[in-house]
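A.B. asks: Listed in order, the protein sequences are those of chains A and B.
Heads up, this note's numbering is the position in the first sequence plus 47, with the first residue counted as 1.
Heads up, this note's numbering is the position in the second sequence plus 47, with the first residue counted as 1.
Don't take every hint at face value.
One copy or two, it doesn't matter: identical chains are merged, so the pair holds either way.
[To be verified] Straight-line C-alpha distance at most 30 Å; calculated DSSO-like pairs for lysine-lysine:
1) 665 - 888
2) 381 - 432
3) 432 - 599
4) 388 - 321
5) 881 - 664
6) 664 - 810
7) 640 - 262
It should be emphasised that the hints constitute simulated quantities derived from the structure, not laboratory data.
There are 2 protein chains.
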Amino acid sequence: MAPVHCRATHRQLLTHTSERFVESNQPNGHSAFESPEVSPAAERLRYILNEDDDMPTPTLFTEMDTLQREGDELEWKESARWVKFEEKVEEGGERWSKPHVSTLSLHSLFELRTCLQTGTVLLDLDGYSLPQIVGEMFIEEGMISPDLREKISFVLLRKHRHQTKKPIHRSLADIGKSSSASECLCYLSDSVTTRSMNDIADSPSTDQLKNKFMKKIPRDAEASNVLIGEVDFLNKPFVAFVRLAQATTLGGLTEVPVPTRFLFVLLGPQGKAKSYNEIGRAIATLMVDDLFSDVAYKARDREDLIAGIDEFLDEVIVLPPGEWDPKIRIEPPKKVTSADKRKSVFSLNELGQMNGTAGGGGGLAEDEEMPVQHDFCGGLYRDIKRKLPWLPSDFYEGFHIQTISAVLFIYLGCITNAITFGGLLGDATDNYQGVMESFLGTALAGSVFCLFGGQPLIILSSTGPILIFEKLLFDFSKNNNIDYMELRLWIGIHSCLQCFILVATDASYIIKYMTRFTEEGFSSLISFIFISDAIKKMVGSFKYYPINTDFKPDYVTAYKCECLLNVTALDWSQLSKKECLKYGGSLVGRSCKYVPDLALMSFILFFGTYSMTITLKKFKFSRYFPTKVRKKLISDFSIFMSIMTFVGLDMLIGLKTPKLIVPTEFKPTRPDRGWIVMPFGKNPWWVYLASFVPALLVTILIFMDQQISAVIVNRKENKLKKGCGYHLDLFWVGILMAACSFMGLPWYVAATVISIAHIDSLKMESESSAPGEQPQFLGVREQRLTGILVFVLTGVSIFLAPILKFIPMPVLYGVFLYMGVASLSGIQFWDRIKLYMMPSKHQPDFSYLRHVPLRRVHLFTFIQILCLTVLWILKSTFLAIIFPVMILGLMVVRKMLDMVFSQHDLAWLDDLLPEKEKKKKEDDKKKGKDKDKDKKKSKGDDSEEEVGSFIEALLPPAGLVLYSMHLYLPVGPLSDECRVCVFAFRRSITLTPTTRQVQSPTWTAGTVSSNCTSPTKTWSTPVW
Amino acid sequence: MAPVHCRATHRQLLTHTSERFVESNQPNGHSAFESPEVSPAAERLRYILNEDDDMPTPTLFTEMDTLQREGDELEWKESARWVKFEEKVEEGGERWSKPHVSTLSLHSLFELRTCLQTGTVLLDLDGYSLPQIVGEMFIEEGMISPDLREKISFVLLRKHRHQTKKPIHRSLADIGKSSSASECLCYLSDSVTTRSMNDIADSPSTDQLKNKFMKKIPRDAEASNVLIGEVDFLNKPFVAFVRLAQATTLGGLTEVPVPTRFLFVLLGPQGKAKSYNEIGRAIATLMVDDLFSDVAYKARDREDLIAGIDEFLDEVIVLPPGEWDPKIRIEPPKKVTSADKRKSVFSLNELGQMNGTAGGGGGLAEDEEMPVQHDFCGGLYRDIKRKLPWLPSDFYEGFHIQTISAVLFIYLGCITNAITFGGLLGDATDNYQGVMESFLGTALAGSVFCLFGGQPLIILSSTGPILIFEKLLFDFSKNNNIDYMELRLWIGIHSCLQCFILVATDASYIIKYMTRFTEEGFSSLISFIFISDAIKKMVGSFKYYPINTDFKPDYVTAYKCECLLNVTALDWSQLSKKECLKYGGSLVGRSCKYVPDLALMSFILFFGTYSMTITLKKFKFSRYFPTKVRKKLISDFSIFMSIMTFVGLDMLIGLKTPKLIVPTEFKPTRPDRGWIVMPFGKNPWWVYLASFVPALLVTILIFMDQQISAVIVNRKENKLKKGCGYHLDLFWVGILMAACSFMGLPWYVAATVISIAHIDSLKMESESSAPGEQPQFLGVREQRLTGILVFVLTGVSIFLAPILKFIPMPVLYGVFLYMGVASLSGIQFWDRIKLYMMPSKHQPDFSYLRHVPLRRVHLFTFIQILCLTVLWILKSTFLAIIFPVMILGLMVVRKMLDMVFSQHDLAWLDDLLPEKEKKKKEDDKKKGKDKDKDKKKSKGDDSEEEVGSFIEALLPPAGLVLYSMHLYLPVGPLSDECRVCVFAFRRSITLTPTTRQVQSPTWTAGTVSSNCTSPTKTWSTPVW
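Isolated chain A, as found in the complex (with noise of 0.2 Å):
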């Protein structure tokens, strides 16, 4: 029996395997028992990889096919596919799996190896169709009888059948036939699966072309075939695993119009389906691999393959039985090693090239933002430079659907920032600053800002300590007799220039201390702001419409409101509350006070727009519609949605809710003030001088809202491509501060909340290629459009009063408290609070978490609580003026965190100080003793630090390093035995200078290099 032949070889083939699994050096565990040696297969992995290594091997499409009777005919039927991910065909529900993990037993990726060292292995064979290259197959395979080979061959021309995606809707007779139980079983009707007619046509099919899983496949893929059958006429197993020369389209072999590149074969004696089965799963799993299929793609010979399939066994991840069923699916993951990472190990010359793109991405490293250097104007410069060459995509890569949604979400933001605002400043400063003033200002500014600026993804607003300062000012001039305007003018100007200072002196720079604890502290303030005063407005409302609560139904004759004069020349009764109270009546009545039912319809409207926007918005997670609906429309528009939702609600109900006003008529709100402020003759000549002296308050004031504003902005989170440019933003706010001034409209400044959300509307993410692949965040459309628009509207506000009149108050401000709740999400500040109300079994597994005690976190969490308590109460004191300034404030309290706080602590949970960095790298220059109090002095010797800086340059991209650090280390002097700690790797490294290799990555106290202290955020990705 050939059993016995087979297995011969097999055993012989198999101890090899085992025996590498020993002895060869794995990337990611060193043997235990040998020494670090260089496995032949990872010599062979090397030799094949940088072979030619310009040229990028095509993604690979596999299709597997088992053979079925059907009938009595034989044909091939589409059993699973992969792209990256495995699908499988569910016979009885006649329809693809979701796609999942490929989870393989051991043994069969055993078997496939015995497959490949027995089976025929051509490569790069010259095949144009398919039956000439089945009768290639036998041309090494001696043992073959002719009989057998004709059969074989008859075999593998049988028709393929795939599985359509769309099932084709039958009629009832049909329903009615396929009843019977027998027939269901094996029901396969040629409405529902494709049948390729002629295997050796050249062309696709309609069929194949019609596919829509092509879009889902990358343009080069080539295709794969996996051919798996049981047959009774042979024996052993017939094997052949074959490469083409030139990918080739074969007829209908492949279900999507893909040329294929290779064929694997395997038809065996019957009673073994399971078995070939799972084999055929695992070469198609080793196809998609990106690590084999390139070994694949460039295997010289049969070694070659079973080197590639042992660098496989080596990285498998193991599940034991008894935890884990066979039989769940896994949901691919969010991320997964990436190639890149597992093919560095084999090429020597890669890593050099990734070192200098895995920093970037096309963006700029903020050291090249913001250098330390401050030569005049230098950073203005730089800025322009930067920005310039991005000032076309700026505009064409604003037409998208989404900018759409964003301009209608940020439009609605900033009317009604400008309503609420505007009838504030109105109110403070005798309506010489009102509605009106407010909207033309806001339309001026922010459409001067957004095609200008620097960063034009921020949005102006008016903001509340500006207001305070005005509402001071005014009071300040109608008690000391001057000209309010005027004065005004003058403190505009003068901000303007210090603002120039600022900018020339390149005093940005300061933004390098606000790290995450100033940034979230500030922005989670602002957002509680502006919840608070999203639900304030909301309980106003109940003051403004107080509801009769004694209201007895039955006793509705009791309750009228009558106005009451002794003069009886007019008739009262047909006059209003105004009217009434207007020509010195009083009224008199039991419902004179109440005004029925707004309230509570303001209560639903605001209530219900704010739900109904978070509820659609986690709409996007549901099972519901196809990706793109959930996504690109009910998310995206959600707030839309919402918005018009209610106001239907509202004109349905038809109560007289407060709706949204804006005026009508383009001139100032009060009569005598024009467009213009003369900046001379209404006050004494030395007024112009002091007004000096509250411009630089007002300075202060905007730069501090303006840079950490575009600090959060600028988050490393919101993966910004198109750098940023605080200088030339500082720039155009002061030019602006001047504008404003010149005609009296109100100062703006970066709004925190709304540039927020303007962000959050402008994401971006994948189109998921691979079936299962998840999508990824890809950045933010940045461009200027969707401002320019915005305030565009806001300009053309004036004409569009007939219909925002329909839009109640209260709907906006449960759009406000929407963008406030929103714009919390995402902020660490905002998790580790939750954490406090998590038993820790429960706490989601933030990296944090796993380096930092607990307590020192609830510590850390506490302190910034403690901050904003504190700044929240100074804020409803007078304090509220020099309220940006206070980030100063918060900014002096994490310098002082250095001295409560490990700086491996903050490391995780914050950013370093810049001095702290500096003082660091100046350290490792200069090799002098360390002076700051908070570090122990280094004892290391000279030549630690000199590896642990030299480590620290080979570290940006960390992952790689783990994989090559023991392949390229330097050859430099390096003492006996020397310990260096980086924190790239979490862990003390030792270096032997014989192999120059990382020999153990354990933690040795006591020889810590002072690099220890402070790991530059880069290196975020822990590595083991």
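Following the hints, put chain B in place on chain A, whose structure we already have.
C.D. replies: Here is chain B on its own, set in the frame of chain A:
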């Protein structure tokens, strides 16, 4: 150097491993290349695992300690532990990681195998203390010099430091101290980890005893300790595996006071810590593997252990490196393959044993409860016989905190229902039956039923059809001058007798024909009625309290309502609306027909109660608060908390919303009737007889309503253990009919939605034992106490009126809405409706979707929707009176579905009708011709069917058979090659008579035996 020696041994041994990898006949994957024969490893295991089967081995708790250098001292520090899943010490975070599945590398498993092959293995060592055990370790290992022995002993006897769960908060002084980086990194304070001071102590330390983790470990557990370390004095690894003859407490070795049974030691030269660590994790994972731990307990020698590893390797699940990131910690699965299933491969005598227990679980097979034979009162007798033994437990099992929440919830549901139906009945019968009668009747009928009924989880209530019947009956009596109450009494008496007849004839057998289709259709319909009623009531309040949408706050003076009348004797302005109308006045004014605020407030209360309940119910799945608080307090009491919140809100606002008003005096609603209805005297004699006819309708109504509700309550998903009591239930319903008729109270029957709510509020979940194990749904707290308490409370509601009057009706309607929505969840029909809106790739992995084509599923759902629509329309007409009879209609439709759908599809989507199952069985027995027109004539020959029915007899514990069938097939006559299709396998199986093994589980068309068409429901677990 030693490694060379080590490698040599190694190579030889691993050769053996890899060979058996391919040679062995695996249970879940047959070798493709070798003929199936039992491998030596499996042979070994089968021998030792069957040795003494009766004694189950204890559960193992595994702790892994690694050697650390603390200053100049060495000590063992706990680094991970396993009860079932792995928990890792997160060094930096100073805490335990979440329990996760141990992902191992293949490499470490191979290395472990080598370790066990080359290292010391001591089995059944008489150990009493650690030093003695360590001493014994060197007996086998001849090559170790005395000097080394001493050093190894020294290291092994170092102190053990355990990770305790609770961090101790340190003073601020300490915080300051630890802020330096280097100290922090190696910081391990005594306050955080406990240190066992004396390793040779025999009694557990206080730290051990205080450890709360103990409660997660089973009582009989024993410990296995894994000690891993690198030392500088060894140049080859020292490995020892020790099994003690008796589990012994070895001082502070283990974190918990659990005696140690196993000890694994691995000490090796420096530089390989990571690799050692992985080996330690591998052995630890093996030790908690159910199968390997059995092997470890029963192993006779080293080879048995190796065989155990080999078997483990055979079963491992392999994840490809390109599709999974090893850094991801895999959450424990909901269910894992049971250990028994895995062990059954090796044990001959366990199969039969398991066959017996797998089906039951304490419950009774359905056939036993509902036998086919109809002996007089046999059903009732069996019901009583079944129920009687549970009687004591029906009371003591009710003492649980959950009872309180259930009682409050159901009580509120019941009185709301009583008031609603009482009011409607009062209107319909001119107050012959009013709210008072409704309360009294509910209390009486409910408590009697819960005390004596067969299924005390059923809640009796008035239902819609009865209400309509009463209305028609009252109108009929009034028009024909027949005394209503007397006529009703006679109908009740007749109906009671008819019920007795139904009971005596076991008519409840009809429930066998109520499949999932009927059951879910009916319960969905009732739920929809509940939801629509709740919403109707809510909308009604907008009509009852009309909103004045024209109200303009400024024109408050224009809104009044005056009472005008010609007669001026009274001060009309003081009259209320009702008084005014009473005295013939007319109301004039713009506010007369409006009621402010109440409608909107009602809406807020209604919707608020509903959404808060839903939110709190979902809170169970959140991460906040400890599990107990979340589940027992917030989730179980969610309805109560929501009601309290909104009652509070209502009181706070103080509006006159409609409140729950219960009668406060114990007297009939109508003063002219007493509490007893006399049977004779008011109507002519023929009425007594003629009332038989309407009674028939009532009986059918009650029978159908009662039994379908009972079927829904007794659903398999509810895992009821005490069996059902359809006959007994009907008996008591009959008695209560008569009793209520005599007292002139409404008639009561099982209420579907409230009964479902009752069951939902009494669901039990297992308290998960091992960390990471998912809690399992155990069943329902079946007892009589909650029901009785609910109805006693209903009875005394008269005295609770002062409290109940604070509850606004909208809040209760909100509860009704919740009840309706909640009873829809978990219904397959509802899941299938949702499928319409999901693209197929997002659909959940329902098992029926894997086996039935989506368009058939959709068709089935569509028919169901159509049926419900027709029923809904009928319900809205006068036909509502025969509503429960429509269930018969549903059953007819279901019968017709046999013609549209194959039995295969129906078995997945629904249950099979009894005649199908019966017919199948009869067919199997008689081997007669297939008469069913839906079924094609079986093509198989007799012997095929014989095998079929044999397999079928074997099948019930389906999963088991999969593994064991090829070992234990019958010795009866088999055809040369017979193929049998068995549904439990969902594939066809080829049986070869020679080996009697299931050779190939592939589908083969054309040879389907008749038993393919009607799978019984018990085999619903898909095996592949």
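A.B. asks: Against the structure shown, which of the earlier numbered hints fail to hold, in ascending order?
C.D. replies: Numbers 2, 3, 7, in rising order.
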